[in-house]
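Asker: Chain by chain, the residues:
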Amino acid sequence: MTSYLDATVPSRSEHLWRYTPWSRVHPGSIDSVPKVDVASITSDDFYVSERPFQPLPTTDIARIFLNEVLENTTTVESNSKGGHIHIQTNGEISAAHLHLSCESSTHIVIHVKGDAQWFGLALTGDVNSNAQMSVGVINELSSETVLLRVDDWAIHRDALFEHATLSLGGQRNKSDIRSTLEGSNSSLKQYIAVHGHGSRHDDHHIEIHHQQPHTNSHLLLNAACDDRSHSIGTGALTIDDVAQHTDAGQVFRNLLLSPTSRAEAIPELEVMANEVSAAHGAASAPINPEQMHYLMSRGLSREEATSMMVEGFLIDSFTGLDSTLVRETIHHRLTSHLEQILME
Amino acid sequence: MLSENMTDVLLRVENLHVSVGDTPIIHGINLDIKRGEIHAIMGRNGSGKSTLANVIMGHPAYEITSGSVFYKGENINEMEVFERARAGMFLSFQYPAAIPGVQVGNFLRKSVASVQGEAPSPRAFRKSLNEAMNQLDMDKSFLSRYVNDGFSGGEKKRLEILQMLLLKPDMALLDETDSGLDIDALRIVAEGINAVAEETGCLIITHYQRLLDLIKPDIVHVLIDGKIVHSGGPELAMKLEREGYDWVDALA
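Residue numbers (the numbering used here), protein chains in the order written: chain A, 1 to 344; chain B, 1 to 252.
It is worth saying that the hints were derived from the structure and are not from the lab.
Because the structure is a prediction, the values reported are computed rather than measured.
Careful, some of the hints might be misleading.
[Stated by the list, open to error] Label-pair restraints from in silico Cβ distances: (1) B/126 / A/319: 32 to 42 Å; (2) B/126 / A/79: 52 to 62 Å; (3) A/335 / B/216: 24 to 34 Å.
[As the list claims (entries may be wrong)] Chain A stretches covered by chain B per the calculated footprint, using a threshold of three residues with CB under 8 Å from any CB of chain B: (4) 280-290; (5) 294-305.
Don't be surprised by glycine CBs; every beta carbon is placed ideally from N, CA and C.
Let the hints inform the model, and build the full structure from the sequences given.
Answerer: Encoded structure:
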């Protein structure tokens, strides 16, 4: 396994590190490996087991670093049920590795909370043949936390993976979410909603790799950015030469709520097969004045109307989500988050 | 200063001139609407009918270059849109905006709470919502759909009238509420308007006599190039239907 201190620090010319360099998400000085506390992972709905750490693929500096600081892997094998998993950061510098596995059908909401200065989160999972797994991740970290998140998901033959992320917390976030469609006729539906407020910096890099024929993927990222926040969405869609009859799409949409907010949306495609459908799109826009006028004509103040439009814009990210548990939990959490901000 | 008889008048438009950017649209409109009165405004496309409705409601894209709008005796030229709504004004839009992601039921609940100044009790809200939806022959599945998102023209107009029934305005501005409605839907929507019209001042903008067969206006105004050039009783709408607008051009 590659040692972190022997690894090369990536330059900002790399697609993955263009907007949030490694030095900005390392918990300290980049030539150090600090002591890391283990975050707690609990659930009232699933059996949670601790195992010796299962290393992450050492393809990049973040995973190499996490391989050195993580000591165990928490595993949840979930079949034919739904429920919640709670990840609570502990101490100033904290990390966790959660591995999910599904053989049949499951719906899981992962709540990520706590006020650590730095939190490293590795999520991995296998959606096994013919299984259907829906996972929602809600980032409710403190507004001071730096989050480094890496995901590695394998989707096997005839499997369907629904993957939703609602990102509300953390001061500076770097998420590198990778999914591989390893089996033919496998499908991925990935939805991400980001609420930028204050000076949040939220960088999502999403890699989707089609390795087999007749695979489908759909990615939608909606980011609503207020104040001085900055959202980045970069996509890397790869369709191998054998992955004929693939249908893939990536859409990034940004809603800019203030003149000082920023948003980048950069989908990239690498298509080696010739009988595929692959589409991508990106759009950034301010609030639609006709929508604002319509809502205000129904008695909502400008702030209430803005909040409602932001809620609608972000909820719209998850319209395609089949899992009622994941969709409604995310909706409920987003509504209470926006109501709290409206009252501040 | 208030004009004479102002207290009887719910909405007064006084020598109103309106521009969009550098383009003047309304050229001196005067209009008094009392509670319980139904006024209809007819006119060709582009004559300024929708502009008048929007400026009365306070659309920020329109600039009042001179003149005033009074509501319940108060000059509302500087009043924000949401304040007008909370004061009891309602505009049924010709082209209602779609708000993806916002469910109709949630939107209606928040809107009623804003206009009433407090959240209605869940039971009271459900009761009035059920009554209004039954009155408009609307399916409950409407409530979980996103506001106007993917709605047909007729569905949008029904939702507008549903909001009017729930918000119980004192002054209703109805901008081409009849467009996009089939005959049955037109009858249902007209019944909805009539249900509130007795206690409300109504300004109805329409192109067609067929709506005015179902909602009897007290006064019909003809708008040509941003000016009311002629006013009369319900028979005026029938004459316009028969003869068109050429004969009123001479009055402009």
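Asker: Could you run down the list of hints and mark each one as holding or not?
Answerer: Status of each hint after checking the structure:
no., hint, verdict
1, B/126 / A/319: 32 to 42 Å, "violated (25 Å)"
2, B/126 / A/79: 52 to 62 Å, "violated (39 Å)"
3, A/335 / B/216: 24 to 34 Å, "violated (44 Å)"
4, 280-290, "holds (count 3)"
5, 294-305, "holds (count 11)"
The structure is inconsistent with the numbered hints 1, 2 and 3, although it conforms to all the rest.
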